[in-house]
Structures are given as structure tokens and as C-alpha cells.
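> Residue numbers (this note's numbering), protein chains in the order written: chain A, 23 to 404; chain B, 42 to 325; chain C, 680 to 950.
These aren't lab readings, by the way, just hints derived from the structure by calculation. Predicted, not measured: the structure shown is a model, and the values here were computed from it. We treat Cβ as the ideally placed atom computed from N, Cα and C, and that holds for glycine. Among these hints, one or two may not hold up.
[As the list claims (entries may be wrong)] Taking beta-carbon pairs under 7 Å as the criterion, some of the chain B residues facing chain C (in silico): (1) LEU62; (2) ALA68; (3) TYR72; (4) THR76; (5) PHE92; (6) MET95; (7) SER260; (8) SER277; (9) VAL299.
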Amino acid sequence: MLMRTDQVTANTQSAAGEKIRPAVQLDGVTKRFGDSVALHEAWLKIRPCEFMTLLGPSGCGKTTLLNLVAGFLEADDGEIFIDGDLVTETPAHRREIGIVFQNYALFPHMSVASNIAYGLKTRGVDKKEIARRVDDALALVKLTGFAGRKPRQLSGGQQQRVALARALVIKPKVLLLDEPFSALDKNLRGSMQVELKQIQRELGVTTIFVTHDQGEALSMSDRIAVMSAGRIRQIAAPDDVYRRPADRFVASFVGDANVLNGRLVERRGDVAVVSIGDISTSVPAAPIAAVAIGGAVDVFARPEHLSVTPHGASGSLSGTVTTQVFQGGHVDLLIDAPRIAHAPILVRVPGIAALSSCPVGAGAGLTICSEDIVAFPPGEAP
Amino acid sequence: MNTRPFLGWFVSPAGLVAVGLLAAMLAVFQYSARTYIPGTLAVGGFTWANFEAMLRPLYAMAFWNTVLICFETAVFTLFLAYPLAYALVRTSSPTLRSFILIVSVTPLFLGEVVRTYSWMIVLGNNGFLNTLMLKLGLLDRPVQMMFTAGGVIAALVHVTMPIMVIMLAAALSHIDRSYEKAAESLGAGPIRVFMTITLPLSMPGVVAGFSTAFAWTFSAFATPQLIGGGRVSTVSTLIYQLGFSSFNFPFAASLSIVGLALSLAVIALLTKAARPLERMAGTT
Amino acid sequence: MRRSPGAMLLRWSGRAVVAAILLFVLLPGVVVAISAFNDRAILQFPPQSWSLRWFWRAFSYADFAKGFWNGLTVTVWASSIALVIGSAFAFAIHRYQFVLRDLLEGILLSPLIIPHYTIGLGMLILASQANVGRGFPLVIFAHVVMVLPFVMRSTYISLENLDTRMELAASSLGATPLRILFTVTIPLLIPGLLSGWLFAAILSFNEFTATLFVSSQATQTLPVAMYNYVREFADPTLAALSVIYIVVTATLLTVANSFLGLGKILNVDAH
Chain A
23 MLMRTDQVTA NTQSAAGEKI RPAVQLDGVT KRFGDSVALH EAWLKIRPCE FMTLLGPSGC
83 GKTTLLNLVA GFLEADDGEI FIDGDLVTET PAHRREIGIV FQNYALFPHM SVASNIAYGL
143 KTRGVDKKEI ARRVDDALAL VKLTGFAGRK PRQLSGGQQQ RVALARALVI KPKVLLLDEP
203 FSALDKNLRG SMQVELKQIQ RELGVTTIFV THDQGEALSM SDRIAVMSAG RIRQIAAPDD
263 VYRRPADRFV ASFVGDANVL NGRLVERRGD VAVVSIGDIS TSVPAAPIAA VAIGGAVDVF
323 ARPEHLSVTP HGASGSLSGT VTTQVFQGGH VDLLIDAPRI AHAPILVRVP GIAALSSCPV
383 GAGAGLTICS EDIVAFPPGE AP
Chain B
42 MNTRPFLGWF VSPAGLVAVG LLAAMLAVFQ YSARTYIPGT LAVGGFTWAN FEAMLRPLYA
102 MAFWNTVLIC FETAVFTLFL AYPLAYALVR TSSPTLRSFI LIVSVTPLFL GEVVRTYSWM
162 IVLGNNGFLN TLMLKLGLLD RPVQMMFTAG GVIAALVHVT MPIMVIMLAA ALSHIDRSYE
222 KAAESLGAGP IRVFMTITLP LSMPGVVAGF STAFAWTFSA FATPQLIGGG RVSTVSTLIY
282 QLGFSSFNFP FAASLSIVGL ALSLAVIALL TKAARPLERM AGTT
Chain C
680 MRRSPGAMLL RWSGRAVVAA ILLFVLLPGV VVAISAFNDR AILQFPPQSW SLRWFWRAFS
740 YADFAKGFWN GLTVTVWASS IALVIGSAFA FAIHRYQFVL RDLLEGILLS PLIIPHYTIG
800 LGMLILASQA NVGRGFPLVI FAHVVMVLPF VMRSTYISLE NLDTRMELAA SSLGATPLRI
860 LFTVTIPLLI PGLLSGWLFA AILSFNEFTA TLFVSSQATQ TLPVAMYNYV REFADPTLAA
920 LSVIYIVVTA TLLTVANSFL GLGKILNVDA H
């Protein structure tokens, strides 16, 4: 069988340690709804104890992928393995998974304890053991004493924790979370993220986490699978996803990015040199392998990769400041440079000096102060 | 500024109707305590005789009979309507859904007489069931189904199904599917999910449907009258007999009142007994 | 998904159960339909010979025709009167607080639990006490009383879903309450009013029990005429009439379903 590009990507993006059997594996899994393809040949290997996040905008297929792993959807093509066992044809109630839904889905007609005990009852665990494990689970999520309450008596955060306890008490092979924190307010979200990560590390349970919030993904994950339009764009550690995005979608979805008009000057092995106006910088050669020397490329520079210099200084690009936004610890500047970029360029300047040194209407110079610049072939679509 | 601009206009007509209805009900109350003068519509002085007469076995049996029939009808209707309501709400085929909906709802709009009449043809000695069983050799002679309580119940179940299906379907459609998915993810097979999640959560609908079925059946007249043919005695047929054949309005009135009180009492009891069930569903 | 034999069994037995129940529900209708075409003058199944003559008789039988027009008269009057009175009252209870509000509402909703024969009996007694004959007004009044709750409920629900800010906007633009009522409120309520009226009309046309008590030979409606016919004759004329009834009703409902979606109206669509 010919190796497909996605497959190659998946294999090469898996770092060392692939000798260990993956906890979850998807081989070319496809899912269609009527005429549209929700998930297009997904290849994915998740390591034991790993915290893998599926990140992407709504409609990208991340929830579909989650539901396929859970067994709530049947794959049209491809195979799914959990812990080395082929589960593609196994119904949901026989896969050893635990899932936390966006709306928690706590059984309203049962107490907290009964909710948590449910999965143990279906497995025929005896009463004493159930009581013991429910107590342990409540302690794990810091809700000891809440056993007799009903879900409607709990706050959102507490319901969340019960849902988590219910999913974990059965010692699942995989823990699945579908945007669990989206209904919580910002402060609560932060502390829940920390707690979840602690619990996950403590228990060592393989976890698949779905979110559209890139900040959440970057802070919690061991690896992130960035998805859009039913395809996995990149699978890498947060650090790599941020600094070495595989394509322009990833580059623009994760973090802010300015798109500058550049030109390919030369190639040196892994690295290529591109020019933007009068300055040049080096970028990874792989993404622009198809571009001819002298051809146009889109250069992606994050706001923190650019710094402001006095207008007209040598080795700098020039533009005009159109907007200042004071952000507390730094100042965001929007700089218009029509020959270099179609849209105003966003630059982040630490401190408050820029408020006075770069007023609106003034000329400004831009230099590149990072090595993490990437370039992609020109065009709108990723 | 007038905060209730149309109050007088909007309430008065309704008030008049209410007065009329109240007057009619009071007439019933009043007549129930009056003496019956055979052969005329006039009534004599006040008496408790009508209510005393009801304690006689003939009439006591009629009441008991009615309660029994209503209960059995409600139970059978529940068991037949639930699968239909479930299929209606859970099927992925829009044609099946439309089909069940129309088939279930159409009888509601046909009127008692048409529906009861069609059962007469099914149950009659020359009717569908008997002919079928004779042809299949299951019977030597026709089995009497008309003029029996069983026949009445069968027809009543058929008549009550639409409203039960609608109420159960409404309750089922409001159950969040993610509860069932959660249960599935925790290892519960389809039967277990139904017994521990779907059924308990549909209890309020079941209780409401059962009470409604009971109340409607208690008020049923055409069906017991036509299929019972005078041999199955219910409160409704008795009232008609007394009111129209002998013009004994006083007694008919007293029967009405006791009947109404009885059905309200049973419904109150049902609602009370259902409270633990509703607690189970997490709605109280 | 390759399901276990247990799951397959469950699936197919579930389908069988639903099919069997649907058969039960359809049985009388099918039987009646076939019997209507019987050539012989008895209620027999299956027919030995076929004919359409009972359909002609159904249309031509005087009492049926009279019953039909009487019923139509009563229905149109009763549902229209009930529409005006009931929706106005629903408006009042939805928007206003007033003395006797709950009492009146309770009284007017009581026909939902009071058996129709009791209502019929009461009206009859009242009529004889007040020396009012069993003419159309009596029948119409009884029908108004019985269908009023449905009109009230339907209008009340529509009012709940009405965005009052539109009325406030009209008011801010200078409209008097009366003008707002006729130019904003009522037009917005029309779907609810219409469905309430329709429901009331269907129930009134088919109402049997109370009508049996309060109608006379001159005013009898179609259901009462049908009832009287069954007690006298045992031929398939009524079967033919039933078939006509069923076909018309099912057609109307199918049309209503494809345009309005019965599921939505009856609140049974999945949420």
C-alpha cells in the first residue's frame, strides 16, 4: 500500500518512543454525513498517559473524531484501535472509555454518589467496593461530603467535577473531554484546567481533550492536533505548533500572525532565505519547497517577532502608525506598510514607552528580532 | 393612564359564559337532591333518596365497573402507546415519524361515533376477528365480543391511544440525549440505558398520560353505549338511560355528581401516588 | 457496526412490536373501509360482493345531509363565538390582574375534566327550568362552553411567545391601545388564533355526547344522526360515511403536516 501524505506526516511527526504501543490509534478514519465529509482520512497515534488536545474552529471535525473514538459514531472507512485492540466495530458501551460532556450530562434523577457509581454497577462491582471507590473518586475531585446531593443542587464547577469523577472511577483506557470548560467563567476555567492536569498526571490516564481555545490547548497539552475542515494539519508539542507551524492555517489559528509579502532569494539545505522589502531573514525551506527562486512567498511574523526602530533606520521596513492600544503590560501598535503587507501589521511593544514614542500618524521602522519566522506559498486558503 | 384598557370588554362575555356553565352545574346539583316524579320533567321536594339509592348493588356495581374499565383501559393504553411514542421520537426516518404521527393523531379528529362504529365491525359475530379465526380454524363458532366489557375496553384503548401517544412523545422528546450517551459510555447496554435512564426520566409524562387517559375514559359515552349495548353498565350509560328513557333527571344528576367526585378522587390519588415517581425523575 | 446477536434481536423485536401496534391502530379503519364496499345489506366481513351503493346512500340519506348542515351551522357559530370570547379572555388573564381572575379561569377550563354527559345533562335541566326549547342556541351554547378551553389555551401560548416590545414600539410611535391591538397584536397572534379556531371547529363538529343530550330531531348534528342510524339499521351505509370521514381528515392532516409540521404544533419534535 502506498504511504499517503497524511500517514507520512503522522509517522514523522511522532517523535521517538514510537516503539511503545499507542494507547489510541486511528488509521485512515473517515466519516461522512450525507454529501459532506466531516473527517477526512485521519491518521493519529496517541501515546499512553499522553494529554492530547484536538484544537480547531467549530466544524473542523474535532468533535466528530472524539465521537468516533467514543463509539457514538461509526466510521465509514479506516480502523480505530484502543490499547492495541481493534474497536472499530465495537459499540460504545463496550469500549473502556470515560467521557465528560460539554453540558456534563449528570443524571438528574440520581444523587452524586449514584451518578459516580453508575459505571461501576454496569461492570458488576460489588456494593462495598463501589462505596469505597466512589469515596475515593469524590476525594480526588475534592467533593467529599457531596455524595447525597442532587445535580441541580450543585454549581457549574461542582457538576463538572462530578462528571469527571464519574468518568474516572471506572478506570477507563481513555478519558475524553468535549470542550468541558466552555460553560465556566474565566477564573473558574483557569483553576479547573490546573486541577484537571494534576489529576491526569496523577492517574496517568490517556486523555483526548477537545477545544477551540488555543490558549487552553497550549497550556495543557503534551501534544496538540490542529484540525480544520475535517483534516489534521499538524500534530506536535505546543511549543512546536507555536514556533514551527506546518501550514498557514496553523500559523494563523494558533496565536496572532502578520502576513508580509516576501520573495524567495535562495535555498541552503533545510533553510531558505527570503527578502521582505530591504531586509532578509531565514525560514524553514520545507513549506516553500514548491516555490521558484525569486517567486513570491507569504512570510508569517508574530507580533512579538517584530520590533519597532526609529523611522528610516537602515535595515528596517518603514510604515505609519495607525492605532495604539494600551494593554497594561505592553502596547499594541498597528502599523500600515502597504508595500509589505495587505493588512496593518500588529506589533507588541513591552512597557509603556511606545505610547509616547510611537504616536498615531508617526512613521515607524520595523525589524525582525526572532528566528522563528516561517514562510508559506502565497494564497488565501491554507 | 389605564393599565388595563380592555378589561371590561374582554372579560364580560367570558363572564357570561361562565355564569351559564355555573348555572348548568348548579342545576345538576340542585336536581340531585330532588324527588323524581315519574312521567314528568317536574320535580318534587328535597330528598336524599337519590344518593341512598346509589348504594344499591346494581348502581354500586356500575361505579366499580366503570373504575375498573377505566383503569384497565389506561394500563393497556400505556403499554401500547409507549413503544409508539418512543419510535415516534427516536426514529431517524422522517417518513416513519410522519406516518406514526398521522396514524396516531387522525383518530382524534374522527369523532367517537365513527371510531366506535368501526370497532363494531371488527368485534361483531360476522365481523373481522370472528371471520378470521373461523377461517383459520381456530374457532368452531363465533366468540361473543360485542356487548362484553372486553370489547368495550379494546375499543376504549384504541380511542385513548392518540392522546397518550402525544403526551408520552412530548415527554420523551424533552429528555436530553446526552444522558443516554453518558450512560452508554459508562458501559450500559441499550436495555439498561432504557430502564435506568429513559424510563425514569419519562415518568412525569407517564403519570400525566395515565391520569388523562383515566379521566377521558371515565367521560366516555359513545363507546360503552354502542359496544356495550346496554349490557355493560358504566356511569355514563346509566346516566343516559335514566335521563332519556325514564326522564329521571334527579337520579341522573346524582349519578353525575358522584361520578365526577369519584373520578376527581381517583385522579388526586394517582397524582399523589405519582409523587415519588416524579421525585425519581428529578423534577421535584 | 457488527452488532451482537442480542442487539440485533432487540432491534428487530422492537420493530416487530411497533409494527404490531400500528396494525392494531389501523385495523378498524381498514376493516371499515373494506366493509363499506359490501354489496349486501349486512355488516359483514369480508364482503362477498362489491358495490358502491352505500356511498350513494350516505350522500343521499336525508338525515345525514341535514345532520351535516346542522353540524356545520353549530360548528361555525360555536367556534367563531368561542374564538372571540376565548381569545379575548386569554388576553385578559395573560396581561391583567383582576378580581375573580383565577375563579373565572377555573370555571371556564372545567369542561376539560367535567364529562360531556354531565354538561349535557346540566344544560338540558337548565333549559327545561328556564323554559328554553332545545333549539340551535342551546346546542351552540353547549359547544361554546366545551371548546372554549382549547381556544383559551392556544391563545395563551401564543401570547406567551409574543414579543411585547413590538407593542411598546408601536406605543412609542403614538398608537393608542386599540390601534395597537388591531394593527400589531392580533396580526401577530393569527397563527395561534387560527389553530385554536381549527381545533375548536373539529372538536365541535365531531362532538357527540353532550349534543345527544341537548339536540332535538330538528337540530341534530351529523354524529347524532349517525348514532341514530346505527341503532335502527345494520347496513354498511355508516361504513361508507366513515370512510369518507377518514379520508377527508387524513388528507387534511397530511397537508397540515407538510406545511406546518404537526410535530411542532403538538410539541413532540426532538429537542
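> Next, verify each hint and record whether it holds.
Now the hints, each set against the structure:
Restraint check, LEU62(B) versus chain C: the minimum CB separation of about 5 Å is within 7 Å; hint holds. For ALA68(B), the interface hint holds, since its Cβ comes within 7 Å of a Cβ in chain C; the closest pair sits about 4 Å apart. Given the 7 Å rule on beta carbons, the hint for TYR72(B) holds: about 6 Å separates it from the nearest Cβ of chain C. This hint is violated: THR76(B) has a C-beta 15 Å from the nearest C-beta of chain C, more than the 7 Å allowed.
Annotation: PHE92(B) was flagged as interfacial toward chain C, and the flag is violated, the nearest CB pair being 16 Å apart, outside 7 Å. For the restraint placing MET95(B) at the interface with chain C, the shortest Cβ-Cβ distance is roughly 15 Å, beyond the 7 Å limit, so the hint is violated. Interface restraint check for SER260(B): the shortest CB-CB distance to chain C comes to about 4 Å, inside 7 Å, so the restraint holds. A least Cβ separation of about 5 Å between SER277(B) and chain C falls short of the 7 Å threshold, and the interface hint therefore holds.
Because the beta carbon of VAL299(B) sits about 11 Å from the nearest beta carbon in chain C, more than 7 Å, this interface hint is broken.
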